[in-house]
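**Student:** Okay, here's what each chain looks like letter by letter:
Protein chains: 2
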Amino acid sequence: MANSDYATVTEAILSQLQDICGSENVASEDPNVLRKYSHDQVPDDKQARPPEVVVKPKSAEEVAAIVQLANRENIPVTPRAAGSGLSGGAVPIFGGILLSVERMDRILEIDTANLIAVVEPGVITNRLDAELAEHGLFFAGYPMSEEFCFIGGNVAENAGGGRAIKYGVTGRYIHGLEVVTPTGDIVHLGGKRVKDVTGYDLVHLMVGSEGTLGIFTKIFVKLLPRPTHRTATLALFADVESAISAVPAVMTSGKLIPTAIEYMDRFSFSSAAKDLKKDYPYESLGAALLFEVDGNNADVVNTEAEIISRICKKKGAIARYVAEQEKEIEEFWKIRKQIPWIIKRHSPQQTIEDIVVPIAEIPAIVAVIHEIAEKYDTMIPVFGHAGDGNLHATPMKNPEHSLAHWETMLPELKRELYLATAHMGGTISGEHGIGHKRKDYMRLVMSEAELDLLRKIKSALDPGNILNPGKIIPDSA
Amino acid sequence: MANSDYATVTEAILSQLQDICGSENVASEDPNVLRKYSHDQVPDDKQARPPEVVVKPKSAEEVAAIVQLANRENIPVTPRAAGSGLSGGAVPIFGGILLSVERMDRILEIDTANLIAVVEPGVITNRLDAELAEHGLFFAGYPMSEEFCFIGGNVAENAGGGRAIKYGVTGRYIHGLEVVTPTGDIVHLGGKRVKDVTGYDLVHLMVGSEGTLGIFTKIFVKLLPRPTHRTATLALFADVESAISAVPAVMTSGKLIPTAIEYMDRFSFSSAAKDLKKDYPYESLGAALLFEVDGNNADVVNTEAEIISRICKKKGAIARYVAEQEKEIEEFWKIRKQIPWIIKRHSPQQTIEDIVVPIAEIPAIVAVIHEIAEKYDTMIPVFGHAGDGNLHATPMKNPEHSLAHWETMLPELKRELYLATAHMGGTISGEHGIGHKRKDYMRLVMSEAELDLLRKIKSALDPGNILNPGKIIPDSA
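Note that the protein sequences, when read in sequence, are chains E and V.
Be aware that the first sequence starts at 1, since it is given in the numbering used here, and climbs by one per residue.
Be aware that the second sequence starts at 1, since it is given in the numbering used here, and climbs by one per residue.
One thing to keep in mind: the hints can contain errors.
For chains that are exact copies, the list does not tell them apart, and a pair is met inside one copy or across any two.
[Claimed, not checked] For lysine-lysine, the following DSS-like pairs were computed, each having C-alpha atoms within a straight-line distance of at most 25 Å: (1) K166 x K277; (2) K56 x K278; (3) K46 x K327; (4) K337 x K277; (5) K166 x K255; (6) K277 x K456; (7) K36 x K255; (8) K314 x K255; (9) K327 x K56; (10) K46 x K255; (11) K255 x K274; (12) K278 x K344; (13) K456 x K327; (14) K166 x K222; (15) K456 x K278; (16) K46 x K315; (17) K344 x K56; (18) K277 x K327; (19) K58 x K166; (20) K344 x K439.
Calculated from the structure, these hints are not laboratory results.
Predicted, not measured: the structure shown is a model, and the values here were computed from it.
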C-alpha cells in the first residue's frame with residue numbers, strides 16, 4: 001500500500017472527535033489508556049504501538065463521522081473489538097485514531113421466527129450465547145476466547161474455534177452486515193434472508209477482512225436450534241502417532257462428523273491438566289484427543305460417542321473418559337482452554353502459530369514440527385483443532401538460549417514451518433488472521449498476482465489507506 | 001462501467017485464437033453455432049445476442065492466453081458453462097468472444113481422505129454426483145437443472161436449489177478455485193484446507209460473481225458422507241395459507257431442518273403432475289408442499305418424516321404421501337422439476353422470478369403476489385424453495401392481452417414485486433443471479449454507495465471491462 005505518510009492528531013482534530021463522540025469518549029492523554037489500546041494478545045512488546053487517541057463511538061453515524069474526518073485529515077483509523085486477537089490486527093501501528101467498539105454492545109433483536117440475531121459489534125460472544133440459550137437457540141461459532149472476545153472481532157477475523165468441523169467457521173453464520181466503509185459511507189449488506197446473489201458477496205468479503213475494508217456496526221447472525229444433547233470423549237494415547245491416526249479414522253471409518261476434535265500433545269495437555277489439579281496417567285501419556293458430538297437424539301449422540309471411543313481404543317488409546325453432563329464436559333474444555341495461558345506463563349518468549357493443512361496431512365505436519373523443534377533445539381508444543389487440520393504449534397524460547405538467539409532464530413523457524421505447511425497444501429493462518437504479525441510471510445503462500453488482487457481491492461475501497469493500514473498485505477515487491 | 005466501446009474481432013484476432021485453441025475449437029462463421037451461444041434459458045429473444053466468435057479452450061493456459069489477447073485488443077470475453085442460466089449471465093451482449101468451458105470437463109481427483117473433489121468447470125453436476133455416489137460421498141449442491149448444468153456455472157451463479165435449507169448453497173462447498181483473472185493471470189485461491197484466513201476471502205468473492213471477476217479453471221469441492229436414508233413427504237392443502245403456515249412450523253415447533261421444503265401453488269402443481277399423468281385430488285387442492293429429510297439413521301429420518309406429516313395435518317393438509325424408496329422420491333421431484341417447463345410451454349411470454357424474503361415473510365409475500373396478479377390481470381404461478389424464502393413467482397402473459405401491453409406492463413409489475421420484496425427485508429435474486437436481466441433493477445435493493453462498492457471492485461480487477469461486461473452493475477447514475 002502506498003500511503004503510510006500520515007498527518008498527526010492535532011488539538012483541532014481532537015476537538016472534532018469530542019464533538020462527534022462526547023469528550024468522555026475521547027482519550028488522548030492518559031498513558032495507561034493509550035498503553036491498554038496499544039496491543040492485542042500477541043505477547044511481544046515490539047509488536048505494540050500506542051494510538052494518538054482512543055475514541056469510543058456509540059453508533060454507526062458516529063463511526064462514519066470519525067472515518068470521514070480521518071479521510072479529510074489523512075489520519076489512520078484502527079478498529080478494535082475486545083483486543084483478544086492473536087495477529088496484531090488491532091494494533092495501531094501508524095498511531096492515529098484507535099476506534100474501540102466497546103460501547104456498541106447491544107443485542108438489538110433475537111428474531112426467533114427467522115432464526116436471526118441482530119447485534120452490535122461490542123457484544124461479548126458468550127453473552128449472546130447465554131441469551132440465545134433461553135430461546136433454545138445457539139450461534140455455532142465457538143472461539144476459544146468466548147468469555148471475553150466480541151462478536152465484532154469474531155467476524156473481522158472469521159474466527160474458527162472448537163466447533164468448526166461440524167458447524168464451519170463464523171462466516172457461515174453471518175447473513176448481513178451494516179458497515180462503515182473506509183471512506184465513511186454506511187452500507188447495508190445482506191440481512192435476514194438466507195439466500196442472496198444480488199451482486200458480489202460483499203458480506204463475506206468483509207468477514208475476515210481484519211478491519212481493513214470496513215467497520216461493522218450491526219451484525220446479522222444466523223441461529224440454529226440448540227442441540228439438546230452432547231457428549232465429550234477424552235482419549236489419552238501413549239504416543240502422538242496413535243492419537244493422530246484416530247482423527248481421520250473417526251470421520252472416514254466412523255462415518256460421523258464430530259462437533260470438535262481437539263488435539264493436545266504431552267506438554268500441552270499435562271501442563272494444563274496438572275495446573276487444574278486433574279488426575280491422569282501423566283507418566284505414560286504422549287498425546288490427548290478431546291472429541292465432542294451433539295444432536296437432538298440422545299441415542300444417536302451416545303452411539304456416536306461409543307463409535308469414537310471404540311475407534312480410539314483400536315488406535316491404541318491408553319485411557320478414555322466420557323462426559324455426558326454439561327459440567328463434566330466443561331471440565332474437559334477447561335483443560336483445552338488453559339493451554340495457551342500455561343504456555344504463556346511458562347515462557348514469555350513464544351509465538352502461537354495457526355497453520356492449517358488438509359486433514360489427511362495432519363500426521364505429516366506433526367512429524368515436521370517435531371523435526372523443526374529438534375533442529376532448532378527448542379520446544380514446540382502442539383495443540384488445536386485437529387479435526388479441521390488447524391494446529392496451534394507454539395514455538396517457545398529455550399531457556400538456555402539467549403534472547404538474541406531466539407530473535408534471530410524465530411523468523412527462520414517460522415519460514416521453515418510455513419514452507420512445509422504450504423508444500424502440503426496448507427496455509428499460514430486458519431483462524432487467527434494475518435494482521436501485522438504474519439504480513440511479511442504472505443509471499444510464502446501467495447503469488448504476486450494473488451497479492452495484487454488483495455492490493456487492488458484494498459486500494460479500490462480505501463484509496464487513502466486510512467482503515468487499519470499496515471495489515472495483511474505486504475508492500476509491493 | 002465506463003468502457004463499452006469495444007473493438008471488433010478481426011481476421012488477425014481469429015487467427016491468434018486459432019493458434020491458442022486449435023482451429024477446430026474456434027467458430028465464427030456458422031450462424032447456427034453463433035445462435036446457439038447467443039442466449040441462455042431466459043425465454044426472451046430480445047435478451048439474446050450472438051457472439052462474434054465462439055472459442056472452446058481446453059486448459060487454464062489457453063483461457064489465460066485468450067483473456068490476455070482480449071485485453072490487448074479490447075475485445076469483450078463472455079464465459080459460458082452449460083447455458084442453463086436464468087438471468088442472461090452468459091449472453092455476450094457486446095458481441096466479442098464467447099468462451100465456452102465445455103471441453104474442460106474432467107473430474108481430476110476425488111480425494112476421499114480429505115473429502116475434496118477437484119473438477120474442471122465443464123463437468124455436468126449430476127455426473128460428479130454419480131461418481132461420488134460410488135464412494136459413498138456427495139456434493140450437497142442440488143440445482144434443479146443438475147441433469148445438464150455445469151459445476152462451473154453453479155459456482156459462477158452461487159446456485160441454490162433444492163437442498164439449501166439444510167445444506168446451504170453452492171458456495172459453502174467451494175474451498176478452492178483456480179481462476180483466470182480479468183487481466184489474464186492464473187491464480188490459485190484456497191485449496192483442500194477447510195479453514196483459511198490468509199488475506200481476503202477471494203474464493204467467495206469469485207463465487208457468484210457471474211463470470212465478471214474471473215473464469216474458473218479448477219474447482220475444489222468439499223464433499224460430505226452421503227446420507228444413507230431419505231424420505232420425501234408430499235402434502236396437499238386446500239388453500240395457500242394453510243400450506244404456507246406449515247413451512248415455518250416444521251422448523252420452529254418441529255425443531256428440525258428438512259433437506260428441502262418446496263412450495264407449489266395450485267396451477268404449478270396441477271399442471272406439472274397432470275402432465276406426468278399423476279393422479280391427485282386436483283379438484284380440492286390449493287397448494288402443495290414437498291418435504292425431504294435425510295440422515296444416516298433410519299429411525300431418526302422416519303421419525304422426522306412423521307413429525308412433518310403430523311404438522312401438515314394439523315395445518316390442514318387434505319392429503320399426505322410419504323415416499324421412502326429412491327424411485328418414489330424421484331417421482332415427487334419430477335413434478336417439481338417439470339414446473340418451469342410446463343409454464344414455458346403454456347406461455348412463451350413469461351418471466352421466472354427469483355425473489356427471496358426472510359422465511360417468516362413467506363405468507364406476506366405470497367399474499368402480495370396474489371394482489372399483484374389481480375391488479376395486473378395476469379397469472380403469476382408461484383413455486384420454489386419455500387424453506388429458505390426463495391420463491392419463483394412467474395408472471396405469465398394473459399392471452400387476452402396484447403404483446404405490447406405485456407411488454408409495457410411487465411417492468412411495472414416487476415418493480416412492484418421487487419419493492420414489496422425489498423420492503424420485507426428480501427432481495428431480487430436468491431439463486432439465479434442478476435446478469436443482464438435484473439441489472440436495471442439493482443437500485444431498488446442497493447444504495448448508490450453499495451453499488452459503488454461493486455463498481456470499485458469490478459474496475460480494480462478488470463480495468464478494461466473485458467470480462468462479461470454489461471452484467472450485474474447498473475451504469476452510474
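**Student:** Determine for every hint whether it applies to the structure shown.
**Tutor:** Results of checking the hints against the structure:
1. Taking the shortest Cα distances, K166 and K277 never come within 25 Å of each other, neither inside one copy (31 Å) nor across copies (42 Å).
2. Proximity of K56 and K278 under a CA criterion of 25 Å is satisfied in neither setting, with 42 Å inside one chain copy and 65 Å between copies.
3. For the homomeric pair K46 and K327, neither the shortest alpha-carbon distance inside one copy (40 Å) nor that between copies (66 Å) is at most 25 Å.
4. Taking identical chains as interchangeable, the C-alpha atoms of K337 and K277 lie at most 25 Å apart only when both belong to the same chain, with a minimum of 15 Å there against 61 Å between chains.
5. For a Cα distance limit of 25 Å, the shortest separation of K166 from K255 qualifies both inside one copy, at 13 Å, and across copies, at 19 Å.
6. Taking identical chains as interchangeable, the C-alpha atoms of K277 and K456 are never at most 25 Å apart, the minima being 53 Å within one chain and 57 Å between chains.
7. In the homo-oligomer, the alpha carbons of K36 and K255 never lie at most 25 Å apart, since the shortest distance is 47 Å inside one protomer and 45 Å across protomers.
8. In the homo-oligomer, the alpha carbons of K314 and K255 lie at most 25 Å apart inside one protomer (16 Å), although the nearest pairing across protomers, at 36 Å, exceeds that limit.
9. For a Cα distance limit of 25 Å, the shortest separation of K327 from K56 qualifies neither inside one copy, at 37 Å, nor across copies, at 61 Å.
10. Taking the shortest Cα distances, K46 and K255 never come within 25 Å of each other, neither inside one copy (47 Å) nor across copies (51 Å).
11. Neither within a single protomer nor between protomers do K255 and K274 lie at most 25 Å apart by alpha-carbon distance, with minima of 34 Å and 41 Å respectively.
12. Taking the shortest alpha-carbon separations for K278 and K344, only the intra-copy value of 20 Å comes in at or below 25 Å, while the best inter-copy value is 69 Å.
13. When the C-alpha separation of K456 and K327 is checked against a cutoff of 25 Å, the pair qualifies neither within a copy, at 49 Å, nor between copies, at 51 Å.
14. When the C-alpha separation of K166 and K222 is checked against a cutoff of 25 Å, the pair qualifies both within a copy, at 16 Å, and between copies, at 13 Å.
15. Within a single copy, K456 and K278 get their C-alpha atoms no closer than 52 Å, and across copies no closer than 56 Å, so neither meets the 25 Å cut-off.
16. Taking the shortest alpha-carbon separations for K46 and K315, neither the intra-copy value of 44 Å nor the inter-copy value of 65 Å comes in at or below 25 Å.
17. Taking the shortest Cα distances, K344 and K56 never come within 25 Å of each other, neither inside one copy (30 Å) nor across copies (57 Å).
18. For a Cα distance limit of 25 Å, the shortest separation of K277 from K327 inside one copy, 16 Å, qualifies, whereas the shortest one across copies, 59 Å, does not.
19. With identical chains, the CA atoms of K58 and K166 are never at most 25 Å apart, being 35 Å at best within one copy and 37 Å at best between copies.
20. Taking identical chains as interchangeable, the C-alpha atoms of K344 and K439 lie at most 25 Å apart only when both belong to the same chain, with a minimum of 23 Å there against 54 Å between chains.
Violated hints, listed in ascending order, are 1, 2, 3, 6, 7, 9, 10, 11, 13, 15, 16, 17 and 19; each of the other numbered hints is respected by the structure.
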